Every structure is written in C-alpha cells, then in structure tokens.
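Colleague: Residue strings, one per chain:
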Amino acid sequence: MKLLKLVPDDTNIRFLRWRVPFYVVSLILIAASWGLVMTKGLNYGVDFAGGQEVRLTFEQREEAPIPALRDLVGGLGYGEPTIQRFGDANQVSIRIRLPENIEAIEGGANAVGNEVIAAIDAEYPNVRRDGNETVSGKVASEFREKAVYALLAAMLAIALYIWVRFEWQFGVGALFALFHDVSLALGMFALFQMEFSLQIIAAILAIIGYSLNDTIVVYDRIRENLKKYRKMPLPELLDRSVNETLARTVMTSLTLLIALLPLLLFGPASLFGLVAAITLGIFVGTYSSVYMAAPILIWLGVNSNSFVPEESVADRQERLARGEA
Amino acid sequence: MLDFPRWKKIFLWAITLVAIAAALPSITSLSGLKWPSSLPDPEVNLGLDLAGGSHILLEADPAEVAATRLEKLEEQVRDALRRNEPRIAIGDISTRGNRLTFMLEDPSMVDAAREAILPFTDGAGTVRDWNIEVVDGSRFILTPTEAGLENAIQTAMESATDVVRRRIDGLGTREPTIIRQGDTRIVVQVPGLGDPEALKELLGKTAALEFKLVVREASQDEVLSGLAAEGQVFPYAESAGLPGGVVVERLGGISGETLTEAQQSFDAQDNSPVVDITFDPDGARKFSRMTTQNTGERFAIILDDEVISAPVMREPIRGGRSQISGGFTVESANQLAIQLQSGALPVALEVVEERTVGPDLGADSIRKGMLAMGVGSLLVVVLMIATYGRFGVYATAALVLNVGMILGIMAVMNTTLTLPGIAGFVLTIGAAVDANVLINERIREERKRGRRVVAAVENGYKEASRAIYDANITNFIAGMLLFLFGSGPIRGFAVVLIIGLFTSVFTAVTLTRMWVAGWLRKKRPSELHV
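In order, the protein sequence lines correspond to chains L and U.
For the record, in the first sequence the residue sitting at position 112 is 112 according to the UniProt record's numbering, with numbers rising by one throughout.
For the record, in the second sequence the residue sitting at position 259 is 259 according to the UniProt record's numbering, with numbers rising by one throughout.
These aren't lab readings, by the way, just hints derived from the structure by calculation.
Misleading hints may appear alongside valid ones.
Stated by the list, open to error - No farther apart than 27 angstroms at their CA atoms in a straight line, the calculated lysine-lysine pairs in the DSS-like style are these:
| hint | chain 1 | residue 1 | chain 2 | residue 2 |
| --- | --- | --- | --- | --- |
| 1 | L | Lys227 | U | Lys448 |
| 2 | U | Lys72 | U | Lys286 |
| 3 | U | Lys448 | U | Lys8 |
| 4 | U | Lys462 | U | Lys522 |
| 5 | U | Lys9 | U | Lys72 |
| 6 | U | Lys205 | U | Lys72 |
| 7 | U | Lys522 | U | Lys8 |
| 8 | U | Lys205 | U | Lys286 |
| 9 | U | Lys462 | L | Lys231 |
| 10 | U | Lys523 | U | Lys9 |
| 11 | U | Lys462 | L | Lys228 |
| 12 | L | Lys5 | U | Lys462 |
| 13 | U | Lys448 | L | Lys231 |
| 14 | L | Lys227 | U | Lys462 |
| 15 | U | Lys523 | U | Lys462 |
| 16 | L | Lys138 | U | Lys205 |
| 17 | U | Lys448 | U | Lys462 |
| 18 | U | Lys462 | U | Lys9 |
| 19 | U | Lys448 | L | Lys228 |
| 20 | L | Lys5 | U | Lys523 |
| 21 | L | Lys5 | U | Lys448 |
| 22 | U | Lys8 | U | Lys72 |
For clarity, every value in this text was computed on a predicted model and none was experimentally measured.
Let the sequences and hints guide you as you build the complete structure.
Modeller: Shown next as structure tokens:
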C-alpha cells in the first residue's frame, strides 16, 4: 500500500532566512490588531456588554422579517438593536445593549428583557423562541474582568511551565508566540466585528493550549539538536529543527482542521464564533510556532551551552582554555 | 518499552472496558434507545443549552439586608424600651447612616436602657451584632458590626435559597437545581422549562404580605410623596385598577409570616380567581381580634408595599381562614398562592443573568453537532489511515475508544454535556491523534536514520512522549483556567478538554503501544509501512 506523504522527506526549507521580514510583518500585525481593538473596539455580545439577545425562528415564513423587527424593537426606546440572521433564513438573533439609563429602570436588564420579549410575542404570536439571554451590567463587567484574568493567567502559567521544562528563553519565546496569537485573534474579532462573547474567550484559551502543541514540538527538537550538534550555528540549527518537525506540524494542524471544518460548515449556528476562532487560531498558532517562537531564541541568546548544567559549562570553558578542546 | 506482561495487558483492557461500559447508557439515551432499568445507569446529563431550559442568576443587595435589619432593630429597641419596667422614654430616634441613634429623655436610665437592648444587640454565640456607644450622657449610637452583618446576610441568603426552592417546587417543574453562589447569589437551573418569564416573575417578588387597617383613601399626590401624618401610604397594585392608594395605621396589623397555607381557588359569589389563606393559631387570634374590633371598616391587603385590595370587614372572621381577592387571573392567583405558601423572601432578589434555550433549538444543536462530529471523525480517520497505514488503524481504534472513555468518565463523574462540550469533543478528536502523529512521524524518522524496526518503534514512542506530555500539561493548564473561569456551558467545554487530555494520552500512547508491541512480536516484520 502506498502511503500518503504530505510533506516530502528531507525538506530543507530555509525558514529562518526570512525571520526579520516576518518579524516586521508580525509586529505590524500585532500593532494593527491592538490598534483595531482600541479604535474600532470589540463587538461585545451580551456576556460582556450586558443586555439581551433573543433568538427567534419564524416557522411559518421563508425569511425572517428583519426590517420590521428592527422597527419594532428599535421603537421600544432602548436604542438600535443588532439583528442578524442566525442559521437558516428564517432564524434571527436580536441583540439589544443595556440602555445608558439602566439604573433608572426598576428591575434593570431583566425588566428591559421582559419588555422586548413581550413586544415580540404581541407582534408575532407564532414565532418560536429558541433562546433568550439577559445579562445585567454588573455581571457583564465581572465576566470581562474574569476573562482578562483567565487569559493572562493562562499565558503566564504556560510560559512558566515552559521556562521550568526548557530554559527561560523558551518561556519568553512561548509567551511571545502566545501573545502574537491572542493579539491576532482579537484583531480579527475587531476587524470583522464578530460577536465577542464568553465562548470566544473559551476559544482563545483553547488556541493558547493548542498553539503551544506545535511550539513544544519544535522546541523539543531544538533542545535535542542543541545537544546533538554543538557546533552548528543557531539559525541553521533552528532551520534544521523546524524542517525535521515539519511533517508533524503539518499533520497535527491538518487533523485538527479537518475535524473542525464540518463543525464550522454545518455545525450548530451558536458554535460558529467558537469554532471560527479556534480555526483561525490553528493557522496563526502554526505560523507563530515556526516564525515567532523559534527565531526569538537567536535574539535571546540561546546557544549550545543552554542545556548543559552550569558547572559543566565552567568545566568545559576551563578545558577549552587549557586547549584540550 | 515494548514489553507488555500479561497482567499489564489485562489491566489496561480492564480500564478501557470499564470506562466504555460506563458510557453505554449515555450512548443509548443519546441515540434515543432505552436502557434497561435493571442495570446501573450512570448517565451524562445534557446541559440546558442542549436539553432546553433556563439558567437564572439571582442576586440580593447586601445594602438591603442591612437596611431591613436596621428597621427591625429600631422596632425591637422601641418595643423593648416601652415594655421595660419602668418604661424608658426615648426621642430623636433615627436610622440614618446605617446606624440607629436615639436619645433617652432621662439620662439616669442609661444603664437600664443598655440592659434592655443588650439581648438583641449581643447576637447569638460568639459574634456581637451591634456595637453600642453612648455619647453626651444620653445618646445611644448602635452601629452594626461587620461580623454581625455578614452573619445576617448569610442567614438571609440561606433562607432565601429555601424560599426559592419551595417556590420552584410549587411550579411542579422536574429536577430543578438551586445552588447558592458566592455571598449574595443564587443560581437556579430548570431543565425543559417552557416559560421562563413566569419563573422570573415568581422569583422576582418578595411576597411580603401584610394586613393593615385603612385610615382613608390616599390621593395620587400623597402616594407619590409617601407622606401622611396619620400613617403609612401605600399605592394600589396595578391589578387593582385604582388610582392613588390608601393610608393605613402605622402600628399593628398582621404579617404574612403567620400564614400556614395558601391556595388558589374561586370566589363563591362571582367565581373569580382568589387565594385562600389559613393563619396559624397566633395569626388566627390576631385576625379574629382585628376583624371583631373593626367590623364595618376596611383593611388593606398589602403585598410588597402595594395594596392588592382593601375590603370591608363585614363580620368577624374567627376560623383563621380568609380569602384574598383583587383582580387576579388564575395564573396570577396561583403564583401568589405559591409565593405565600413558600414564605416571603428575607431579601429582594434581582435577576442579573438569564439564559434560556428552547427545546427545539437544543435538539437541533445535538443533531447538527453529532453530524459534524461524525463527519469530522471520518475525515480524520481517512487521513490517518492514508498517511500511516497500519499505524493509522491503531490510531483510529484508539480514537474510537477515546471518545467512549470520555463519555464514560463524564457519566461516572456525573458531568454535563453542553453545546460547547460537543465542540470540545471535536477538538479532542482532532487533537487526540496529535500524539499518534508525533509518534508515527518519529518512527518514520528513526527508520530513515537506519534503525531496525523494533528499535525505531521503541525510540519513536520514547522520544515523542516527551513532547506529548509537555503539550498535554500546557493544555491542561489552559483547560483548568477555562474551568475555573468559565460558567455553565463553557465549563462543559473545559471538562471535555480536560478529560480528553487524560484519555487521549492513555489511548493514543499506551493502548497503541500495546497493540504495536503485540503485532511486532507476532509478525516480526522486517519492514514498517509508516
């Protein structure tokens, strides 16, 4: 049986030759992402902004009456609603942010939510209400806070672990790669104004975990090669390590991708954001493992002494000084 | 490395089979089959986002607990000093600034007054409830202690949780979950609930019931200003359909705490929905006295500071039974009956988060999720077998067992499968073969370097394991943070990821190694197709 080989044996691609341009591009992308997040902002869903999201299915219609709904809900005086198709043509999600004067309304977010539902029920008695989420401002701000902490804690804890298992340079490299991935994911959400919710935080944490799989595979090989080829210049050694692990990197990313693709294409609509974020994360994560996490080691001063215990480094230098080589 | 003694093989298979057996009830129920009731039945629960239902987060305002407590203290102090022998006259009583201050008219009574109020400021047990301070010889200042206030909030939340539970039981929904969360929150989860608004309505009312004598009708202006020299002013409830409100006597009256029973029924005369109530002996006595002494006058039925109705007492009511009427529908009467029967909430609860998923959407999500999972798995399997041949088959078998084991462990641990949890499954399927990819690629490499078959396999497993463990531990860190930070459905995602990390290492590394070892021993191949 002839087996499939996606990556030919003995590739010798000089990845690291382009490290400076790629770094420049990536740094620009990171800056652009944060710029987008700052200027355009993230399109917070009800989890983070507070407010209400109602999902409706108009069972007796081909298509949901989006303009009419916009007028109906907008007319309640809580500001312009965000109305999007959600799944099929007759399914919509209606999102209303918490009004500015929410403190003045008795019962807060819940009262607003009830009123919106009552108005929709009165106008469209036959509509199927698939879901309703109402989140108060206080809970939403707690979610925001916890999300930031969770992301920071995950990045730091993982970097710390890598530091302990490898060397500090590797910890910094992994942290930088993670920062790159998270930034770009946030940038994508800001650019396309996709709904940013708790699920997306879950996706980003998953990206952090899985993007690191590739990084660790590359790092593990770098460590191995550092011990094996003591005299090889670092850029060459990194290239060699990336090439040697290329088949695994491609395969692991590919299996994840093809598992997720059906979920992206015809999975439940409410999972789309989560799956889209993870899918993007796979691409970005694979790229960052090769182009962000590896080259940074050159600048951080990793060398053939990196994985040799301190004493023996001294011994070795002494030995070299005595000319014993 | 490739040496598997018989006991080890038996042990590994036993673990696998037990975990998979535990998954069977869930697999049958997810596919709509019936699991025989004579067998043990650990099952994966479906989250509300899959089964349909409501998740509601209620929150109490601690400031309100403090305010209610202060009011109660004022009442207790007034009462104690009035009842004291001799009576201790006070003036200038105020509850401003979260503390109670009052002045003794006779400064020589300071010690007696302190003695009189000590029993309810001292608190029970070791905690002091209020600090007493006397300034200028006769002015008492009572400030709440932190511990006392904390205690009060704890107690209020505990009893609020009970009330919530009783109210939801009154609805007759099945298997609700009611859990206290943090200091001031209660999570309510009701699977398969059709009408979350009724639930919110039911829980959103304090249901503090009072019967008070009416002095006179109040104009709308009086209601708005809330001031009347003769007593307290309460507005009419919306259901009463009357403008303005009533002025009632400040003191006296009967509170809803004396009710033992409340039931929705119909008025004998006009067949309108009403709530029948029954008082306990103490309440019955008070009610009888009130209706006897004030026949021909009106009393107001006040619920949560709104007047439901203010009927005239035509005759003394002695049996301890009465009826509340006032523009109810059957539903609202029933709701009030449940609320009264469960008792008043010691503190008002506000709905701060609600998530409801309709049952149709849940079923639709399962169907789409399962389909996507099936297709995704199939693609992964095809790719694995096409790339690694026999080793891909092993990886596939490991993958199937892996999914079964995750389900089984979830069932035994009684965890909940959510919609993001399905995404977690898919992600695990994609990532579980990672380990096999690492191992197989390494074996390829080792062969290329000219190692013999057995040594290549041995080295492949050994060398790849390092990266596999490191990768899984970092994923575990991310998963744990996800679990700690997330709630509800997101936790479901984290649970699947975390369990999947363990099972995938077990199936993808340990089990495949056992199979590969068995095959190598039996066939002694001279060449590997990997």
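Colleague: If a hint holds in the structure, say so; if it doesn't, say that too.
Modeller: Okay, the hints, checked on the actual structure:
no.: 1; hint: L/Lys227 x U/Lys448; result: holds (20 angstroms)
no.: 2; hint: U/Lys72 x U/Lys286; result: holds (20 angstroms)
no.: 3; hint: U/Lys448 x U/Lys8; result: violated (31 angstroms)
no.: 4; hint: U/Lys462 x U/Lys522; result: holds (21 angstroms)
no.: 5; hint: U/Lys9 x U/Lys72; result: violated (70 angstroms)
no.: 6; hint: U/Lys205 x U/Lys72; result: holds (20 angstroms)
no.: 7; hint: U/Lys522 x U/Lys8; result: holds (18 angstroms)
no.: 8; hint: U/Lys205 x U/Lys286; result: holds (26 angstroms)
no.: 9; hint: U/Lys462 x L/Lys231; result: holds (26 angstroms)
no.: 10; hint: U/Lys523 x U/Lys9; result: holds (18 angstroms)
no.: 11; hint: U/Lys462 x L/Lys228; result: holds (17 angstroms)
no.: 12; hint: L/Lys5 x U/Lys462; result: holds (23 angstroms)
no.: 13; hint: U/Lys448 x L/Lys231; result: holds (23 angstroms)
no.: 14; hint: L/Lys227 x U/Lys462; result: holds (17 angstroms)
no.: 15; hint: U/Lys523 x U/Lys462; result: holds (22 angstroms)
no.: 16; hint: L/Lys138 x U/Lys205; result: holds (21 angstroms)
no.: 17; hint: U/Lys448 x U/Lys462; result: holds (17 angstroms)
no.: 18; hint: U/Lys462 x U/Lys9; result: holds (19 angstroms)
no.: 19; hint: U/Lys448 x L/Lys228; result: holds (17 angstroms)
no.: 20; hint: L/Lys5 x U/Lys523; result: holds (25 angstroms)
no.: 21; hint: L/Lys5 x U/Lys448; result: holds (14 angstroms)
no.: 22; hint: U/Lys8 x U/Lys72; result: violated (69 angstroms)
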